[in-house]
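Novice: The task is simple: from the sequences and hints, build the whole structure.
Going down the list, the sequences are from chains H, P and L.
Counting along the first sequence from 1, when you hit position 77 you're at 77 in our numbering, and nothing is skipped either side.
Adding 1000 to a residue's 1-based position in the second sequence gives its number in our numbering.
Adding 2000 to a residue's 1-based position in the third sequence gives its number in our numbering.
Mixed in with the good hints there might be a few duds.
[Unchecked claim] One side of the interface only, derived from the structure: several residues of chain P facing chain L at Cβ under 7 Å:
hint : residue
1    : A1049
2    : A1050
3    : F1169
4    : Q1204
5    : V1207
In case anyone wonders, no lab produced these hints; they're calculated from the structure.
For each residue, glycine too, the CB sits at the ideal point set by N, CA and C.
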Amino acid sequence: MPLRLRPNDPTFYDLFTESANHLVEGARILAELLGSTAGTGLSASQKIAAQMKDAEHAADETTHSIIRRVNSTFVTPFDREDIYRLASDLDDVMDFMEEAVDSVHLFGLEKLPEEIAEQIEVLQRAATLTAETMPRLRTMKDLAEYWIEINRLENTGDAVHRRLIAKLFSGEFDALTVMKVKTVVDLLEAAIDAFEHVANTVEQIAVKES
Amino acid sequence: MPLRLRPNDPTFYDLFTESANHLVEGARILAELLGSTAGTGLSASQKIAAQMKDAEHAADETTHSIIRRVNSTFVTPFDREDIYRLASDLDDVMDFMEEAVDSVHLFGLEKLPEEIAEQIEVLQRAATLTAETMPRLRTMKDLAEYWIEINRLENTGDAVHRRLIAKLFSGEFDALTVMKVKTVVDLLEAAIDAFEHVANTVEQIAVKES
Amino acid sequence: MPLRLRPNDPTFYDLFTESANHLVEGARILAELLGSTAGTGLSASQKIAAQMKDAEHAADETTHSIIRRVNSTFVTPFDREDIYRLASDLDDVMDFMEEAVDSVHLFGLEKLPEEIAEQIEVLQRAATLTAETMPRLRTMKDLAEYWIEINRLENTGDAVHRRLIAKLFSGEFDALTVMKVKTVVDLLEAAIDAFEHVANTVEQIAVKES
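Specialist: Below you can see the structure in the form of structure tokens.
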């Protein structure tokens, strides 16, 4: 029975949960970047960018495991292309978070507007919620509360993002600083949006399977 | 016969038409923002931003009605995921238009380059055409002229957008003004592109069903 | 037998190859824009922008041929929506390359940072590889090495892009120049990302058909 999975083989649900847990770790590293220094000093940014790079590589490994598993499995729990898409949506979140951290480091930003803490809090909540939800793909039950809450978080993130941009454009900062910080703030917003894409994919899978 | 829809229940076609009509209203509000003042005074922007927020909420309601209807209907007129995608594409247009209006307000922009009127005209035409087309999803007939015209409008919008950016970058404006106006102009271009995504989805549905 | 294709009719594989060959030509024109002048003089940009516009129109023709062929063929080699999506992904690459060239011309940029040559080299390699791969869709064999290499190229492109942005933000350039060059650099990065979308679509088709 070469095709039967051994009992210890991780399932798709395990792998999606692992993937989401990498995002929890990524959001934690983001918070660390901002956190200990309360946004007033980022001298540790190189070390933290390296940590984030490691987290992104680990997440890539999980994504590739999911793709390999899709390619070597006859019966998948839901459509192959939906598995592929969910894996890729989760991966996108990590890419945006990693690029945000790397940008802080590359641009030598030593001070960030404090509202960024609100964006990162949204990311931490969305990551935790997503990681808690992945195992429930098995039963497809009680998923609506997850995507409703992600939508709510995305709305919060959007409002913070608009306030941040308005602040950056207020005349308080020089043009180059505006461009640097805007790049970071836009990447964090993209990461929040990417969590919503994950939730949309989960919703579409649920709609299809229902 | 609990599953039989009552004769007065709105159909998917009605709901998509309703969704597109919200976009007609959104484009009208955009024109109002620019219109009465011929782009030379935007003191009314707060009131208009509030109006736009209401229009966006109404559009969200319609989107949710479509999703709920997909989830509670056994036989859908076309694939569930295509209904979902079309609803979500229509929703995207409104989001970009709303963010454009809100940005004008948030950034306190009191003067916009007059070429923006051309972007808004494209949006108004695309919205009207889309609203006229949605009922024709029922028969799937004569849709090609719709997506061809949307593509033409998108090309026009693209040319206007490029001219606007070149003007913004001409040295005539200070860097902060460039960034503010560019944000608005890019959001309007994103709204136009989003109309093309709607048309692409309609085309793909038609291809699939043919 | 009205539906039998005549032996000389181009197949979907021929058309996808033709589409990818337009990208090879587009990347060549991009290299020409930068090349002969080693990035120090771009007076010929108007002529080259016109050449690029022609290449984009030719690519559009091929895209439309693919769509018409999908609409008039009973049995397609893979799912209609995947054909549609692959055609549209290939089209996106050209659009970004064309807009990059047009932007250099429109903004009157006469000097570009030399690292842009690395972005263009990535685009040339990705285009050539994609054109070589399209005929292999027929057998669906040995495609993995293609998408792995495209992923590698995208990683290279991403690293170059980040270095370029950090350089632009270093304080060496005035704000307006930063915005102009950033627009071009971001469009080239978008073109590289679009090649990855093509590869992802090929991977998903292969996964589905396997």
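Novice: Quick one, is the A1050(P) hint okay against chain L at 7 Å, beta carbons?
Specialist: At 32 Å from the nearest chain L Cβ, A1050(P) fails the 7 Å test, so the hint is violated.
Novice: Is the interface hint for V1207(P) satisfied, with its Cβ closer than 7 Å to some Cβ of chain L?
Specialist: 5 Å, holds
Novice: Checking hints one by one. Is Q1204(P) an interface residue toward chain L, by the C-beta closer than 7 Å rule?
Specialist: Constraint on Q1204(P) satisfied, holds at 6 Å.
Novice: With chain L as the partner, please determine if F1169(P) meets the hint condition of a C-beta pair closer than 7 Å.
Specialist: 5 Å, holds
Novice: May I ask you to test the interface hint for A1049(P) with respect to chain L, counting a Cβ-Cβ separation under 7 Å as satisfied?
Specialist: Since chain L brings no Cβ nearer than about 26 Å to A1049(P), farther than 7 Å, the hint is violated.
Against the hints set out earlier in the document, violations occur for numbers 1, 2.
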